[in-house]
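Chains as they are written, first to last, in this note's numbering: chain D, 1 to 149; chain L, 1 to 149.
There's no promise every hint is true.
Since the list can't tell identical chains apart, any single copy or any two copies may satisfy a pair.
What the hints assert, rightly or not - The calculated lysine to any residue pairs, modelled on SDA-like cross-linking and capped at a C-alpha distance of 25 Å, are:
#1 LYS113 <-> LEU143
#2 LYS6 <-> ASP107
#3 LYS6 <-> LYS146
#4 LYS113 <-> PHE21
#5 LYS72 <-> PHE21
#6 LYS2 <-> HIS71
#7 LYS109 <-> GLY140
#8 LYS6 <-> GLY39
#9 LYS72 <-> GLY19
#10 LYS3 <-> GLU144
#11 LYS82 <-> GLU98
#12 LYS2 <-> LYS146
#13 LYS72 <-> LYS146
#14 LYS40 <-> GLU144
#15 LYS109 <-> VAL141
#16 LYS2 <-> ASP148
#17 LYS6 <-> PRO106
#18 LYS113 <-> GLY130
#19 LYS72 <-> ASN12
#20 LYS146 <-> GLU36
#21 LYS82 <-> ASP148
#22 LYS40 <-> ASP139
#23 LYS82 <-> ASN20
#24 LYS3 <-> THR147
#25 LYS3 <-> GLU26
#26 LYS2 <-> VAL37
#27 LYS82 <-> ALA32
#28 LYS82 <-> ASN117
#29 LYS146 <-> VAL4
Think of the hints as simulated: they come from the structure by calculation, not from any bench.
Residue-level listing of the chains:
2 protein chains.
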Amino acid sequence: MKKVEKISAAENYAAATIGNFDQLSEHLFVIAPDVEVPGKVFVGEPLQSTGAEVSFTVVPAGAGGDFLHIHKTNEELYIVLKGEGEFQVDGNHFPISEGSVVRVSPDGKRAWKNTGNTPLTMICIQSKSGSLQGLGITDGVVLEDKTDW
Amino acid sequence: MKKVEKISAAENYAAATIGNFDQLSEHLFVIAPDVEVPGKVFVGEPLQSTGAEVSFTVVPAGAGGDFLHIHKTNEELYIVLKGEGEFQVDGNHFPISEGSVVRVSPDGKRAWKNTGNTPLTMICIQSKSGSLQGLGITDGVVLEDKTDW
């Protein structure tokens with residue numbers, strides 16, 4: 001079973017690695033002693049995230065789509081890294097593949113499945129719906145300090 | 001110049017695609033008429049995100065590291081998709097590669113550069129620091145409804 005490995009950390013940051021994406025299926029997300037999800041890993045706890053929870057998921061060929069879910073307070077963003085799949089929200093179906101990004105509001109009834117012959121690899125981002133104050137680069141501040149490399 | 005293309009949208013979701021990651025350099029982020037960043041694309045506006053802003057970045061071999069930046073209110077999470085690089089926060093340096101994830105608090109003075117011979121491709125997630133109410137699967141609610149495929 002693969003683990004998230006620490007890279008570096010200090011007051012204002014934490015860095016870790018989940019390993020190469022083709023090894024994602026070696027991760028095992030343990031929900032309960034008898035409920036384990038292979039190919040799923042959350043990084044919020046190892047990174048001590050406070051604004052967003054990120055998880056990586058790999059869905060084997062022919063798998064997925066078993067259940068619908070909604071959220072209490074979080075918006076979700078899905079990013080497809082590899083593979084081909086179908087996504088549904090509130091009964092609307094659409095295809096997903098590398099570079100697809102999907103935003104789902106808390107109430108959206110969502111599910112996805114792998115429709116291809118290779119693993120479907122996705123990133124899922126949870127963040128509190130309505131919490132963001134500005135899009136794009138409006139929140140960033142470029143510093144005059146020189147970078148030391 | 002490549003654009004974000006709409007896939008599907010309705011009340012509770014929006015889906016779009018940035019295209020394959022090897023075409024990321026064809027995107028052009030226009031900050032001002034004379035300030036353009038190739039290989040950078042934000043998806044918050046096309047997806048109407050309200051909890052997190054996601055951007056994709058490709059840094060060519062030999063590039064990056066020109067400036068440090070901080071944030072006003074947002075935590076950032078960086079996910080490395082491809083390539084090799086070096087990241088720094090508050091003067092602490094560490095290597096990044098496929099599967100690396102980095103959380104940076106608003107005050108962290110951050111920069112990164114490509115140290116390899118291939119493009120360094122990253123996802124950057126901005127979300128409001130301290131806004132998340134629960135990590136992992138605590139916010140999700142699995143429904144009894146059957147999925148229709």
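Quick rundown of the hints versus the structure:
In the homo-oligomer, the alpha carbons of LYS113 and LEU143 lie at most 25 Å apart only across protomers (16 Å), although the nearest pairing inside one protomer, at 44 Å, exceeds that limit. In the homo-oligomer, the alpha carbons of LYS6 and ASP107 lie at most 25 Å apart only across protomers (21 Å), although the nearest pairing inside one protomer, at 35 Å, exceeds that limit. Taking CA atoms no more than 25 Å apart as the test, LYS6 paired with LYS146 passes in neither setting, with 28 Å inside one copy and 40 Å between copies. Within a single copy, LYS113 and PHE21 get their C-alpha atoms as close as 18 Å, and across copies as close as 21 Å, so both meet the 25 Å cut-off.
In this assembly of identical chains, LYS72 and PHE21 lie within 25 Å of each other by CA distance neither inside one copy nor across copies; the values are 29 Å within and 32 Å between. In the homo-oligomer, the alpha carbons of LYS2 and HIS71 never lie at most 25 Å apart, since the shortest distance is 28 Å inside one protomer and 33 Å across protomers. Proximity of LYS109 and GLY140 under a CA criterion of 25 Å is satisfied inter-copy only: 11 Å between copies versus 34 Å inside one chain copy. Taking CA atoms no more than 25 Å apart as the test, LYS6 paired with GLY39 passes inside one copy only; the shortest distance there is 19 Å, against 29 Å between copies.
Taking CA atoms no more than 25 Å apart as the test, LYS72 paired with GLY19 passes in neither setting, with 31 Å inside one copy and 31 Å between copies. For the homomeric pair LYS3 and GLU144, neither the shortest alpha-carbon distance inside one copy (38 Å) nor that between copies (32 Å) is at most 25 Å. When the C-alpha separation of LYS82 and GLU98 is checked against a cutoff of 25 Å, the pair qualifies both within a copy, at 5 Å, and between copies, at 14 Å. In this homomeric assembly, LYS2 and LYS146 never come within 25 Å of each other (Cα to Cα): the closest approach is 38 Å inside a single copy and 32 Å across copies.
Only between protomers do LYS72 and LYS146 lie at most 25 Å apart by alpha-carbon distance; the minimum there is 20 Å, versus 44 Å within a single protomer. When the C-alpha separation of LYS40 and GLU144 is checked against a cutoff of 25 Å, the pair qualifies only between copies, where the shortest distance is 22 Å, while the shortest distance within a copy is 40 Å. Proximity of LYS109 to VAL141 under the C-alpha cut-off of 25 Å is restricted to the inter-copy arrangement: shortest distance 10 Å between copies versus 37 Å within a copy. In this homomeric assembly, LYS2 and ASP148 never come within 25 Å of each other (Cα to Cα): the closest approach is 34 Å inside a single copy and 34 Å across copies.
Taking the shortest Cα distances, LYS6 and PRO106 sit within 25 Å of each other only across copies (21 Å), while inside one copy they are farther apart (31 Å). Taking the shortest Cα distances, LYS113 and GLY130 never come within 25 Å of each other, neither inside one copy (28 Å) nor across copies (32 Å). Taking the shortest alpha-carbon separations for LYS72 and ASN12, only the inter-copy value of 14 Å comes in at or below 25 Å, while the best intra-copy value is 29 Å. Taking CA atoms no more than 25 Å apart as the test, LYS146 paired with GLU36 passes between copies only; the shortest distance there is 21 Å, against 47 Å inside one copy.
With identical chains, the CA atoms of LYS82 and ASP148 are at most 25 Å apart between copies only, with a shortest distance of 24 Å across copies and 35 Å within one. Proximity of LYS40 and ASP139 under a CA criterion of 25 Å is satisfied inter-copy only: 16 Å between copies versus 31 Å inside one chain copy. For the identical chains of this complex, LYS82 and ASN20 are neighbours both inside a copy (13 Å) and across copies (9 Å), given an alpha-carbon limit of 25 Å. In this assembly of identical chains, LYS3 and THR147 lie within 25 Å of each other by CA distance neither inside one copy nor across copies; the values are 33 Å within and 32 Å between.
Taking the shortest Cα distances, LYS3 and GLU26 sit within 25 Å of each other inside one copy (9 Å), while across copies they are farther apart (35 Å). Taking the shortest Cα distances, LYS2 and VAL37 sit within 25 Å of each other inside one copy (13 Å), while across copies they are farther apart (37 Å). Taking identical chains as interchangeable, the C-alpha atoms of LYS82 and ALA32 are never at most 25 Å apart, the minima being 29 Å within one chain and 33 Å between chains. Proximity of LYS82 and ASN117 under a CA criterion of 25 Å is satisfied in both settings, with 11 Å inside one chain copy and 23 Å between copies.
Taking identical chains as interchangeable, the C-alpha atoms of LYS146 and VAL4 are never at most 25 Å apart, the minima being 32 Å within one chain and 34 Å between chains.
Going down the numbered hints, you'll see the structure goes against 3, 5, 6, 9, 10, 12, 16, 18, 24, 27, 29, while the others check out.
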